[in-house]
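Asks: Chains as they are written, first to last, in the working numbering: chain A, 52 to 380; chain B, 52 to 380; chain C, 52 to 380; chain D, 52 to 380.
Among these hints, one or two may not hold up.
Pairs count within a copy or across copies, as identical chains cannot be separated in the list.
Here are the simulated SDA-like pairs of lysine to any residue, each with C-alpha atoms no more than 25 Å apart in a straight line [what the hints assert, rightly or not]:
1. K213 x V150
2. K349 x N75
3. K296 x P306
4. K151 x P177
5. K373 x P76
6. K251 x S104
7. K349 x A181
Calculated from the structure, these hints are not laboratory results.
So you can see what is in the structure, the chains are spelled out below.
4 protein chains.
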Amino acid sequence: MTVRFGLLGAGRIGKVHAKAVASNPDAVLVAVADAFVSAAEDLAAPYGAEVRSIEHIETSKDIDAVVICTPTDTHADLIERFARAGKAIFCEKPIDLDVKRVRECLKVAKDADATLMVGFNRRFDPHFAAVRKAIDEGAIGEVEMVTIISRDPGAPPVDYIKRSGGIFRDMTIHDFDMARFLLGEEPVRVSANAAVLVDKAIGQAGDFDSVSVILQTASGKQAIISNSRRATYGYDQRIEVHGSKGMVAAENQRPVSIELANATGYTRPPLHDFFMTRYTEAYANEIAAFIDAMTKGKKAEPSGADGLAALVLADAAVKSVKEGRAIEL
Amino acid sequence: MTVRFGLLGAGRIGKVHAKAVASNPDAVLVAVADAFVSAAEDLAAPYGAEVRSIEHIETSKDIDAVVICTPTDTHADLIERFARAGKAIFCEKPIDLDVKRVRECLKVAKDADATLMVGFNRRFDPHFAAVRKAIDEGAIGEVEMVTIISRDPGAPPVDYIKRSGGIFRDMTIHDFDMARFLLGEEPVRVSANAAVLVDKAIGQAGDFDSVSVILQTASGKQAIISNSRRATYGYDQRIEVHGSKGMVAAENQRPVSIELANATGYTRPPLHDFFMTRYTEAYANEIAAFIDAMTKGKKAEPSGADGLAALVLADAAVKSVKEGRAIEL
Amino acid sequence: MTVRFGLLGAGRIGKVHAKAVASNPDAVLVAVADAFVSAAEDLAAPYGAEVRSIEHIETSKDIDAVVICTPTDTHADLIERFARAGKAIFCEKPIDLDVKRVRECLKVAKDADATLMVGFNRRFDPHFAAVRKAIDEGAIGEVEMVTIISRDPGAPPVDYIKRSGGIFRDMTIHDFDMARFLLGEEPVRVSANAAVLVDKAIGQAGDFDSVSVILQTASGKQAIISNSRRATYGYDQRIEVHGSKGMVAAENQRPVSIELANATGYTRPPLHDFFMTRYTEAYANEIAAFIDAMTKGKKAEPSGADGLAALVLADAAVKSVKEGRAIEL
Amino acid sequence: MTVRFGLLGAGRIGKVHAKAVASNPDAVLVAVADAFVSAAEDLAAPYGAEVRSIEHIETSKDIDAVVICTPTDTHADLIERFARAGKAIFCEKPIDLDVKRVRECLKVAKDADATLMVGFNRRFDPHFAAVRKAIDEGAIGEVEMVTIISRDPGAPPVDYIKRSGGIFRDMTIHDFDMARFLLGEEPVRVSANAAVLVDKAIGQAGDFDSVSVILQTASGKQAIISNSRRATYGYDQRIEVHGSKGMVAAENQRPVSIELANATGYTRPPLHDFFMTRYTEAYANEIAAFIDAMTKGKKAEPSGADGLAALVLADAAVKSVKEGRAIEL
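Whole structure, please, built from the sequences with the hints as guidance.
Replies: Quick look at the structure:
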């Protein structure tokens, strides 16, 4: 069975998903919608897809699934509409920046019995997935301590920051999901520290750019997260899980693996400079997993509940910083 | 301009090139030919290409270029036919196992003014290409010593060995090309040693499975090549270039970059297990370079002359082993 | 000038310092004292040193400096006595487990104008020292985030745990000192989490074996510390400092640097299995620095104040765990 | 039993061995001889050793063993004298630059039943020794291909070159010994290439500075050696052994293991810049092995025969270059 896709939102991340859909042998990109028709046209053309309005896609019989890549504040509404329209839904994170709204939305999706998957792409990175697989196979025994270091090459524009919900909901949220994915237990306690070290304008917008978080589960397992909006050496994405029998870690990725040696020392090139090149395979695997959920009865994961859980942790981190204490969930 | 391709030969390497052509935004796969029509059909279908005979492709006005992936002993004839037919030609290595035949064939191609490129895919590997780029930029000064270690995960079937022209013409030939690519000077002297250490049946077929070669240029630059038909840890592909100001090396590639630590030590997974996964990007870049040669007036490299030069080195290595002496070219 | 040493305490760490003193060209080991005379004799003999009582060393004119390696609860008294006796003092950490007692002791040392250095050996590890040097030279710009991962190969006996002052004062204290050494600013805020994951007996003794700490300075610089009393792969000692212009990290150390590759993958041996082999050079450099402080007028660092500051952080961590909040200093 | 040593030759390498002897708990340095008495005095004093003439040491009853560190052309004579004097002998490589003279000398030593060990220090490097141990334990199955890359940070003075016997006898000889140590079979065939790429003055002195060698054993096992008198990034010392079941390699060593990351990439410091810092542990282990041979009845290895065998390979390499052919032994 070939899954027929409609894509909502022809921006940067929309392009990534369009390519993933088009390259998948079990999928076809049928239609693209965007508020800017010319953007939709530019994206649709090379894949032989049509430009349609969101309303049109909603009622299109030749569309089985949608990928939602529109601005964040439209996600929850679109999930509800397409759930009711009987389409399978892949939604870029987050579902919404407000926990209450997410809960409502998930209820609608559940009532409609919709297939809903949330775009925590990192779970599908082959290296991170291999870390999880090693854990599942017992290679490190019982998980004890998770370390996640995640740094962006550079800070986004302050305009973006203002609409982002803040660093915990925009950036750390990926790490909250990763921590949950690796800990194997729900965190019940969140201690967060935050500061502005990279760009004062971020602080003036009420946000932070450098944060540290400790999560702890009921049995005492701990995850540490270190985030910065700056990394001169590229997109720094490391995870490490320490357990009773050993440790497993995913190494950083670089586009070119050479080493130059001279009187200065031994130098390897910088890491990937952007999430789209770093996570190319992850995006392809993610869409493949979504298709598998639709066609092979596999569970759609990360689910809406996963999206909610990560947001709850982000909210707790915000509160922890504000109140100077650990937040119990 | 979109280049319209015909593919000759629907076997293993034919599939690799079909995918590279189909994925290239500047190319379209129009037709596939194979002695086994069903193989041609299976390959053509997913790309919306037609099945045609070789003769048909030869006269097809809607075909600009061919990719020759047929058995080795047909390469030279096909190059000549398609050169005369005015098509651009990408031919898998080798052009022929016989130097004299290669020379004749190259003359025909030259007389027809054909664009001809030979499939030494490794030049297009991003890591190896970056090594060459570092040399070209002067990062290591004057090249002095090249080290190439190339080991296959396992030996091919003896039937393949018998038709292969022997390890120097079949396997080492890639390293001869790489040595030429990196030395920046033609080797004038070949010293080779060879033995059967992996599989006696290879020896019974008159071939070797473990060889060491030293090449030397007129100015004294040296390249060392170490080949084995066995490597339990995967497809071992390393190059290193030492120069007056430094050294640059390409690291081995593995599909998954994790590290597991326990009482046994720190373990990273094996390398790629096959040339097709190892050189995925190289195959795509290679076809892109061929298209650039056709559409942007870039030089078609590696050329037929490069194919010939590597074969001459292979012949010299065979002779060096037989006669127990360095062969001067 | 050759510095003449008395060594107090002939136990495990006493042996380490005896060797460091005896190997230093500017020092000589004159006398050893221990409650167990035979232990003192065994240690003194190979170095041609005498066995003397502590009282005797106190009044020995041929002794310039003492190394205090006796049990923790004697440190403060001995510092005071030898400060008054006009000897230079190198004291193993900690000065005392009680902040008030440390303050009193430091006052006595100060009033006596004694040279006092505290044994935070890690500052003298060549790799960690090189990290600090890189920071001092501006290689990473302004320090922003420090990450310290420190794991012991195995938990000490519960009897030791009971006398240790708890994991924060016994183990993390080294990391608190390292964080101060690298941050370049005093932490003003401590958030700690702690659990028992390795050995229930440790919990029954009222201590923890797995802890995570965030330190933050007034300007917002952060340090993360991850500790475990277990690491199957050896003595895990990593530091990494992220700054505005780059990052610098010290790699783990192993006694043997080979790599074995086979169908399982690429395996390097485990790390050092103990602090004494891991920090051999650090112990030698530490004594050399103490001698330099005496003979070349260099500052005796880490000082008593450094010992106090690390203890204050440990106390704050204990409190943070107990009260579930960040402790402001 | 404590072994009492006399040291002949107080130059650079003499100092290395003096330190190794003095640091060994089972040895004592009794006397030092040198043509320059002041050099002998400077070396003897810190260890409390006496200065004696060679003749005096020869007849000293309080000397069990000698370490010969005098100029090469005196080695054979001294071995003979001290063998006849009943002393155990550790001689720096080479025994002599002339194979015939070495054979005579070894006969004298054998007739005197002398303990004789030759200073191929690299066998005692912990990393190289671990490679050999892995082979002995069967970790890589049957040895097939050995790769040795050995590059000096810089060329020695031309005066040294002139007395050195040429690069094969002076530098490659270490690699010939290492190849024998790792192959587990005697090479029967030598193919060598040589050039002057580093320093024309070396060529004018009749020597080479950049060489490549292939050794082959009777069963077809091969060793490749790559040597250069130049390496801008430090003292490059790598060995790798490929076998039927896997591969084992020793990594290069650097004094400081940190990594600095910035927009340029990830940089680790250069390697050791000299053999004395690189092989500190090897020199200590080597003397320990010599002492074990004397006191515990262990075999004195590498033996005089090992010294001879490496020289024979060096002579064959010289001949191979001269005659342009493989030399069969």
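Asks: A separate judgement is required for each hint: does it hold in the structure or not?
Replies: Hints, verified against the model:
no. : hint        : verdict
1   : K213 x V150 : within (18 Å within a copy, 45 Å between copies)
2   : K349 x N75  : within (17 Å within a copy, 32 Å between copies)
3   : K296 x P306 : between (32 Å within a copy, 21 Å between copies)
4   : K151 x P177 : neither (33 Å within a copy, 48 Å between copies)
5   : K373 x P76  : neither (49 Å within a copy, 51 Å between copies)
6   : K251 x S104 : neither (41 Å within a copy, 61 Å between copies)
7   : K349 x A181 : within (19 Å within a copy, 41 Å between copies)
Figure legend: structure checked against the earlier numbered hints; hints not met, in rising order: 4, 5, 6.
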